[in-house]
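Participant: Sequence:
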Amino acid sequence: MPKKRRGKLKADLFLLDEDHQSFTDKQILLLNAVNQCGSITQAAKHVGISYKTAWDRINMMNNLSEEPIVRRSVGGSGGGGTSLTSLGKELLRGFSELQDEHHAIIKRLGTGLRSVDDLSKFLRSTTLRTSARNQFRGQITKILKGGINTEVELRLNESSKIIATVTNESVKQMGLKKGAYAIALIKSSWIILSTDRDITTSARNRLEGTVNKIIKGKVNSEIQLNLGAEKRLSCILTNESVNSLKLRKRQTAYALFKASSVILMSD
Numbered sequence: 016m017p018k019k020r021r022g023k024l025k026a027d028l029f030l031l032d033e034d035h036q037s038f039t040d041k042q043i044l045l046l047n048a049v050n051q052c053g054s055i056t057q058a059a060k061h062v063g064i065s066y067k068t069a070w071d072r073i074n075m076m077n078n079l080s081e082e083p084i085v086r087r088s089v090g091g092s093g094g095g096g097t098s099l100t101s102l103g104k105e106l107l108r109g110f111s112e113l114q115d116e117h118h119a120i121i122k123r124l125g126t127g128l129r130s131v132d133d134l135s136k137f138l139r140s141t142t143l144r145t146s147a148r149n150q151f152r153g154q155i156t157k158i159l160k161g162g163i164n165t166e167v168e169l170r171l172n173e174s175s176k177i178i179a180t181v182t183n184e185s186v187k188q189m190g191l192k193k194g195a196y197a198i199a200l201i202k203s204s205w206i207i208l209s210t211d212r213d214i215t216t217s218a219r220n221r222l223e224g225t226v227n228k229i230i231k232g233k234v235n236s237e238i239q240l241n242l243g244a245e246k247r248l249s250c251i252l253t254n255e256s257v258n259s260l261k262l263r264k265r266q267t268a269y270a271l272f273k274a275s276s277v278i279l280m281s282d
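Residue 16 is where the sequence shown starts when you use the working numbering, and the numbers rise one by one after that.
Be aware that one or more of the hints could be misleading.
[What the hints assert, rightly or not] Cross-link-like lysine-lysine pairs, in silico, DSS-like; alpha carbons within 25 angstroms at most:
#	residue 1	residue 2
1	LYS41	LYS176
2	LYS104	LYS157
3	LYS187	LYS157
4	LYS41	LYS60
5	LYS67	LYS202
6	LYS228	LYS67
7	LYS202	LYS104
8	LYS193	LYS228
9	LYS233	LYS202
10	LYS202	LYS228
11	LYS261	LYS228
12	LYS231	LYS264
13	LYS157	LYS176
14	LYS157	LYS67
If you are wondering where the hints come from, they were derived from the structure by calculation, not from laboratory data.
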């Protein structure tokens, strides 16, 4: 009779708010480093990730949160820095209190595992993985139903909204309704950037922001716009287009994309 292999139970801790938004231990670890270091550069080194990865994670958290979790300051005698908002600090406090108890529970449960096969008795949760660079959580403020498709409007902050077109069947399956929350996904390559405020376009979505970052490659450049309230949007342009638009940091620009280019997910 084959000997049963000893199993070891491991589990991640997720911190959920009342709207079921979760924060993983990796995200919390980065927030803790930001709180201690006051610098995204030092925080990234502290947790062993790149500067770009650190900012990507922070931007994702801020984009999916109704209130900013991390704020950045520019200038001053210290040259600027990065700090947690009151919400970010509350998340850290809550996570710290739960972590010790979580470890104790997992250790206790793990002593009852006599074989690797026993692991199949535990439910598995899945994590969303997507290539879309832009993910925004917003509240549904308007739903206009047509014969085949429905137009859904999401409010991101006081000045920004996103309009998505989905099928009537999708609205029904996802249970979308006014007042509920949803997540909008927009690939950076689907976005057109303009510096002309009065440009005429058929695109339903037009987000105003200031150029926060320009990352140039051999052929294309990634442009990051600051939409306000710590929301960031990324788009991909050819280097030729960047030069033609004469883009520069802190310049006002407009992100244009079709309602059909928005992928909507229920929250």
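Participant: Give a verdict on every hint.
Facilitator: Each hint tested on the structure:
Proposed proximity of LYS41 and LYS176 is contradicted: the alpha carbons are some 29 angstroms apart, above 25 angstroms. Of the supplied pair hints, the one linking LYS104 and LYS157 is violated, its CA atoms being roughly 33 angstroms apart against a limit of 25 angstroms. For the suggested pair LYS187 and LYS157, the alpha carbons sit about 15 angstroms apart, so the restraint of at most 25 angstroms is met. A hinted pair counts as satisfied when its Cα atoms are at most 25 angstroms apart, and LYS41 with LYS60 qualifies at roughly 14 angstroms.
Proximity of LYS67 to LYS202 is assessed by CA-CA distance (about 18 angstroms); at most 25 angstroms being required, the pair is judged to hold. Among the hinted pairs, LYS228 with LYS67 is consistent with the structure: their alpha-carbon atoms are about 11 angstroms apart, no more than 25 angstroms. Proximity of LYS202 to LYS104 is assessed by CA-CA distance (about 31 angstroms); at most 25 angstroms being required, the pair is judged violated. Pair hint LYS193 plus LYS228 does not hold up; C-alpha atoms about 34 angstroms apart against a cutoff of 25 angstroms.
This hinted pair checks out: LYS233 and LYS202 have alpha carbons roughly 20 angstroms apart, not beyond 25 angstroms. The hinted pair formed by LYS202 and LYS228 meets the criterion: a straight-line CA distance of about 17 angstroms does not exceed 25 angstroms. Under the criterion of a C-alpha separation no larger than 25 angstroms, the hint pairing LYS261 with LYS228 is consistent with the structure, at around 14 angstroms. Between LYS231 and LYS264 the alpha-carbon distance is near 13 angstroms, which keeps this suggested pair within the 25 angstroms criterion.
Note on LYS157 and LYS176: the hinted pairing holds, with a Cα-Cα distance of about 11 angstroms set against a maximum of 25 angstroms. Between LYS157 and LYS67 the alpha-carbon distance is near 35 angstroms, which puts this suggested pair outside the 25 angstroms criterion.
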